[in-house]
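Undergrad: The lines below spell out each chain.
2 protein chains.
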Amino acid sequence: MGNADYVYPSSVMNVESSPRVAIPPPQPFFKSLGYSLKETFFPDDPLRQFKNKPASRKFVLGLQYFFPIFEWAPRYTLQFLKSDIISGITIASLAIPQGISYAKLANLPPILGLYSSFIPPLIYAMMGSSRDLAVGTVAVGSLLMGSMLANVVNPNEDPKLYLHLAFTATFFAGVIQASLGFFRLGFIVDFLSHATIVGFMGGAATVVSLQQLKSILGLEHFTHGADLVSVMRSVFSQTHKWRWESAVLGCVFIFFLLITRYFSKRQPKFFWVSAMAPLTSVILGSLLVYLTHAEKHGVQVIGQLKKGLNPPTITDLVFVSPYLTTAIKTGAVTGIIALAEGIAVGRSFAMFKNYHIDGNKEMIAIGSMNIVGSFTSCYLTTGPFSRSAVNYNAGCKTAASNIVMAIAVMLTLLFLTPLFHYTPLVVLSAIIVSAMLGLIDYEAAIHLWKIDKFDFLVCLSAYVGVVFGSVQLGLVIAVAISVLRVLLFVARPRTYVLGNIPNSVVYRNVEQYPNAKHVPGILILEIDAPIYFANASYLRERITRWIDDEEDRVKAAGEASLQYVIMDMSAVGNIDTSGISMLEEIKKVTERRELQLVLVNPGSEVMKKISKSKFVEGIGQKWIYLTVEEAVIACKNPTKDESEAWNSV
Amino acid sequence: MGNADYVYPSSVMNVESSPRVAIPPPQPFFKSLGYSLKETFFPDDPLRQFKNKPASRKFVLGLQYFFPIFEWAPRYTLQFLKSDIISGITIASLAIPQGISYAKLANLPPILGLYSSFIPPLIYAMMGSSRDLAVGTVAVGSLLMGSMLANVVNPNEDPKLYLHLAFTATFFAGVIQASLGFFRLGFIVDFLSHATIVGFMGGAATVVSLQQLKSILGLEHFTHGADLVSVMRSVFSQTHKWRWESAVLGCVFIFFLLITRYFSKRQPKFFWVSAMAPLTSVILGSLLVYLTHAEKHGVQVIGQLKKGLNPPTITDLVFVSPYLTTAIKTGAVTGIIALAEGIAVGRSFAMFKNYHIDGNKEMIAIGSMNIVGSFTSCYLTTGPFSRSAVNYNAGCKTAASNIVMAIAVMLTLLFLTPLFHYTPLVVLSAIIVSAMLGLIDYEAAIHLWKIDKFDFLVCLSAYVGVVFGSVQLGLVIAVAISVLRVLLFVARPRTYVLGNIPNSVVYRNVEQYPNAKHVPGILILEIDAPIYFANASYLRERITRWIDDEEDRVKAAGEASLQYVIMDMSAVGNIDTSGISMLEEIKKVTERRELQLVLVNPGSEVMKKISKSKFVEGIGQKWIYLTVEEAVIACKNPTKDESEAWNSV
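Protein chains in written order, with our numbering: chain A, 1 to 649; chain B, 1 to 649.
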């Protein structure tokens with residue numbers, strides 16, 4: 001490209017005739033309100049595809065929107081079926097032992113884990129838009145529900161009430177999830193940042209693994225606390241009760257599960273090795289106990305599991321105080337956590353396979369499956385990462401793999417439950433531990449430290465909060481720190497001094513561009529955040545200090561004295577009335593010091609508000625420029641410009 | 001200014017040799033942490049003046065920092081003294097009746113109002129940096145303290161405990177105020193925006209005025225509730241008990257006070273007319289009662305006031321639960337509210353008189369006066385607006401006017417308290433009502449509506465919350481909405497399409513500049529906020545929709561197909577790891593659609609992080625430009641540029 005290709009029009013250099021900062025055309029209040037609401041709640045414009053369509057087509061599209069199965073089922077092929085059957089059976093073999101294990105984390109009967117892998121996957125298969133999500137219960141959600149409900153009802157003393165409370169909490173989790181999606185409030189889930197989730201999951205996995213020491217050491221009495229201190233105290237205060245048989249069995253199975261996982265990770269073709277390992281462990285463990293009668297030598301077993309499908313529980317929901325508030329609170333916390341996991345997992349796999357997932361639609365699907373689940377003896381389900389990854393690796397094509405899994409679980413419930421009688425608890429604990437170790441993502445934590453120290457702090461505090469406090473505490477701390485960071489960004493915005501980049505008309509931050517040159521007699525400042533009540537005082541102080549510093553520097557260096565303060569408002573997205581007062585105060589401060597304040601490139605919101613509040617008239621329209629360059633030129637040639645301005649009045 | 005004055009250097013037009021976006025020089029972790037902390041907590045760099053000074057000078061400066069009296073006392077003149085005596089006596093004449101009235105709002109003995117106008121002003125005179133602030137109790141703070149403490153201890157049933165609790169709450173208010181200043185956490189006060197305060201004050205004034213109906217109508221039993229509904233119910237359920245004598249007296253005095261205020265407002269020279277009016281009312285009212293024996297006909301009077309100065313109360317502070325938490329909570333809420341008023345008032349008058357006030361220093365001064373106050377029978381004090389305005393109008397020169405006021409109050413306490421025996425309560429109510437009506441700043445509310453609808457919403461909800469709920473509720477709602485606004489700004493940033501402004505190299509938002517021209521085949525987007533976890537999902541959806549919309553538009557208009565998406569990052573102040581993932585996803589989305597993603601002008605923080613996370617390598621350094629213009633030129637001449645880029649590798 002040669003210089004001849006692009007010639008700067010002469011008018012650019014001519015400030016008088018150059019374009020000025022525009023005040024955006026005024027809009028009726030309700031129109032601008034409507035636009036703001038649309039931008040806030042409908043970033044993806046979900047009604048887009050409904051535009052200009054006949055009513056019948058709209059109905060079909062609407063049906064497909066809420067039930068994506070109507071979209072993909074007509075295009076379903078035999079080839080798809082084959083893949084989905086393979087992946088469905090694979091995830092079922094993982095779902096059965098995991099379901100039984102995780103139910104124990106929630107202090108619930110093991111059979112609930114199987115129930116929860118039957119109905120919810122069927123609902124999700126109809127309503128979900130992810131092709132890879134495998135539905136089931138999750139360790140962290142189970143633990144969280146268990147610890148929140150056990151605060152109110154003791155699961156050993158009143159197991160029936162506890163069970164009903166768990167269904168009620170699941171019901172509210174579903175209602176909250178579905179409403180978040182329906183009212184497009186998905187951004188609440190966004191407040192659980194990636195860093196929070198890494199720390200939180202790692203902490204929960206640590207806690208859950210430690211709790212498994214109970215079964216692995218064959219202890220009968222154990223703390224209900226989930227923090228490191230009480231678990232360790234419980235373990236080491238009973239050293240005389242440790243059962244070596246149980247411990248050996250546990251270590252062997254953990255080793256077996258970890259080895260198979262390591263192998264499958266290295267050889268993705270053999271994904272089924274690690275997927276089948278838990279079921280294999282259960283079968284081997286059960287056989288071992290059955291043959292050696294180890295259950296009589298201190299190895300605890302599951303015992304009897306009821307045969308038959310999910311009994312209805314819609315009439316068991318508890319809507320009376322004081323249990324109602326507990327159920328709502330537990331439902332809200334576990335529901336949002338489960339949602340965060342489900343959506344993040346769905347989104348990651350959609351990204352791999354290049355298809356799009358609508359977060360709000362997913363929330364409705366996950367919420368519906370929990371509502372229906374709570375009516376049919378299921379507790380909280382979502383799309384766990386481990387199971388979905390197996391589903392993906394097994395080559396699933398559509399959500400039909402969930403249907404296959406549900407059928408496999410159904411058959412188990414109908415015919416195979418007696419086989420689990422002799423399954424030793426220690427094997428279930430081994431399954432949990434090996435799954436949990438995969439959730440401690442220390443590499444992600446290192447990555448956070450390298451890139452963003454603040455994110456690392458969030459992650460670390462979530463981890464420490466969960467491990468030394470409680471699961472809820474870790475979550476609250478991490479979310480609080482994340483929100484604090486956002487508030488701090490606004491409350492303490494960065495301000496920069498700009499300099500001219502040599503051989504250009506561009507002015508940039510002198511910290512980032514050390515070669516940017518200072519313009520004598522002019523201080524150019526950039527503000528990097530909206531000017532709101534939360535930072536108005538701060539900015540007034542900080543800008544005053546920039547001016548003080550500059551005047552001192554100029555005096556010390558013996559340069560021409562400061563005459564102009566240019567404020568580049570490009571990055572100021574919005575302003576409120578406190579912000580406008582701040583600008584007025586800065587104007588007074590500069591006037592008192594005989595400096596001229598110049599504004600550059602206020603955005604549409606800012607320009608609208610400062611012109612309504614008469615600040616524009618106060619500073620003079622002629623001291624507001626479109627670019628820093630124009631402002632600097634005007635400052636360098638003040639007399640002429642001023643006289644022209646006077647003439648034009 | 002002619003064109004010849006400024007010639008664009010040819011290199012600007014030559015993309016290859018033009019300056020590129022710089023990655024800021026790496027800094028050691030602790031250095032950058034230190035810098036961030038300094039920017040966050042010391043915007044005004046208070047240690048600036050101590051630099052390069054000998055130790056003795058540093059000591060004097062330090063003393064003057066904490067006790068500004070050492071700064072102004074040596075320069076004190078006889079002329080100053082004259083002015084300060086006049087203004088001191090004027091504010092004393094206002095402080096005495098107001099003090100007695102406001103103590104009643106806090107359910108405290110009237111004499112406490114006088115005590116609180118004696119010691120705290122002396123402390124402030126030594127430590128305060130405002131020349132115009134007149135110290136005393138405030139209506140809203142009194143009401144708030146009264147309603148918060150009465151929730152725990154009934155002031156009629158256990159007046160002694162209630163009194164001690166009030167001193168304890170004042171002590172904690174002082175401690176919290178002083179620590180906020182000492183630890184430079186003044187930004188907590190900033191979260192009470194101007195809009196919040198307008199609504200909150202208006203609501204509190206409404207509630208306080210309505211409560212005065214008790215004395216004005218001469219009712220004996222009255223609700224303890226402070227909301228509109230319970231007050232109105234209380235008033236209208238006792239219509240048969242209304243005393244017309246009292247009501248007539250009340251209306252006459254309110255009318256008198258309002259008339260004098262109106263007069264003084266129109267004729268600022270006669271400020272003393274309205275300043276003296278409350279004391280005149282008290283004297284007239286007392287005389288009237290004394291002469292007519294109206295106290296025997298249903299006009300309630302103050303009764304006996306103890307003679308003598310403040311008794312010490314340091315041993316009365318209650319540090320036992322459950323009262324401790326109440327005291328801390330009440331102290332925190334009332335302390336912060338009082339601080340907000342005191343600092344705002346101090347700052348406004350400093351702005352008028354062109355001197356500077358250090359907010360953190362003021363907090364230490366106000367906190368200290370409350371701590372000392374709590375030891376000497378005083379309750380919460382700050383710098384009320386009405387009294388400070390009178391002080392200012394009376395021509396005060398320094399904080400010495402507070403000393404004069406304190407001496408006047410001292411003399412009253414020593415000799416004049418018996419004179420208040422016959423003062424009718426209805427006069428005190430009239431004084432409160434007329435002061436409160438001035439606080440309902442409906443003009444400010446209209447101003448907010450005109451300039452910023454959201455600020456108006458905040459103001460309105462504070463008002464409605466206070467009037468229909470409680471003072472605390474109104475405050476919580478208003479602060480929550482204000483914080484929500486800040487979060488919403490970050491969670492839902494505005495995105496704009498940019499166009500080229502004719503005859504310039506400048507690209508601006510097409511909404512604000514309707515004449516800005518679209519560049520064929522290129523979509524230029526601007527993001528107006530930091531990219532954080534809270535908005536990463538939103539931005540991904542919204543940017544995808546911009547691309548969809550643009551592709552649809554291009555197709556419909558039959559223009560050249562979209563090839564480039566330029567993202568102007570100038571206004572993106574920061575990014576976190578979730579934001580970087582979002583950028584990576586956007587890159588994948590654009591690649592899938594065969595579009596090239598181009599970044600423009602990432603700031604130092606953003607550039608640092610995206611280069612650490614390898615995103616820069618992913619997108620290619622050559623697709624990051626310093627200005628939109630350069631990016632557009634590069635997009636328009638892709639082949640040549642690309643081949644050159646390849647050559648340079």
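A portion of the hints provided could be inaccurate.
What the hints assert, rightly or not - With a Cα cut of at most 35 angstroms, we get these calculated DSBU-like pairs of lysine-lysine:
#, chain 1, residue 1, chain 2, residue 2
1, A, Lys622, B, Lys453
2, A, Lys38, B, Lys453
3, A, Lys361, B, Lys555
4, A, Lys588, B, Lys269
5, B, Lys612, A, Lys265
6, A, Lys587, B, Lys53
7, B, Lys612, A, Lys269
8, B, Lys38, B, Lys353
9, A, Lys517, B, Lys555
10, B, Lys296, B, Lys353
Claimed, not checked - Residues of chain A clear of chain B, computed beta-carbon distances all greater than 10 angstroms:
#, residue
11, Phe59
12, Pro159
13, Phe187
14, Trp244
15, Gly298
16, Ile314
17, Ile328
18, Phe489
19, Ser504
20, Asn509
21, Phe533
22, Val554
23, Ala571
24, Arg592
Said to hold, decoys possible - What the simulated footprint calls covered on chain B by chain A, stretch by stretch (three residues with Cβ under 8 angstroms from a Cβ of chain A suffice, anywhere in the stretch; the number is not a length):
#, region
25, 42–56
26, 158–169
27, 301–309
28, 404–413
29, 501–507
30, 603–614
Don't read these hints as lab results, they were simulated from the structure.
All residues carry an ideal CB built from backbone N, CA and C; glycine is no exception.
Undergrad: Give a verdict on every hint.
TA: Checked hints:
no.	hint	verdict
1	Lys622(A) / Lys453(B)	28 angstroms, holds
2	Lys38(A) / Lys453(B)	17 angstroms, holds
3	Lys361(A) / Lys555(B)	28 angstroms, holds
4	Lys588(A) / Lys269(B)	26 angstroms, holds
5	Lys612(B) / Lys265(A)	27 angstroms, holds
6	Lys587(A) / Lys53(B)	32 angstroms, holds
7	Lys612(B) / Lys269(A)	33 angstroms, holds
8	Lys38(B) / Lys353(B)	30 angstroms, holds
9	Lys517(A) / Lys555(B)	46 angstroms, violated
10	Lys296(B) / Lys353(B)	51 angstroms, violated
11	Phe59	23 angstroms, holds
12	Pro159	36 angstroms, holds
13	Phe187	5 angstroms, violated
14	Trp244	45 angstroms, holds
15	Gly298	47 angstroms, holds
16	Ile314	34 angstroms, holds
17	Ile328	20 angstroms, holds
18	Phe489	6 angstroms, violated
19	Ser504	5 angstroms, violated
20	Asn509	6 angstroms, violated
21	Phe533	3 angstroms, violated
22	Val554	16 angstroms, holds
23	Ala571	4 angstroms, violated
24	Arg592	6 angstroms, violated
25	42–56	holds (count 4)
26	158–169	violated (count 0)
27	301–309	violated (count 0)
28	404–413	violated (count 0)
29	501–507	holds (count 6)
30	603–614	holds (count 7)
Of the hints listed earlier, those the structure fails to meet are numbers 9, 10, 13, 18, 19, 20, 21, 23, 24, 26, 27, 28, in rising order.
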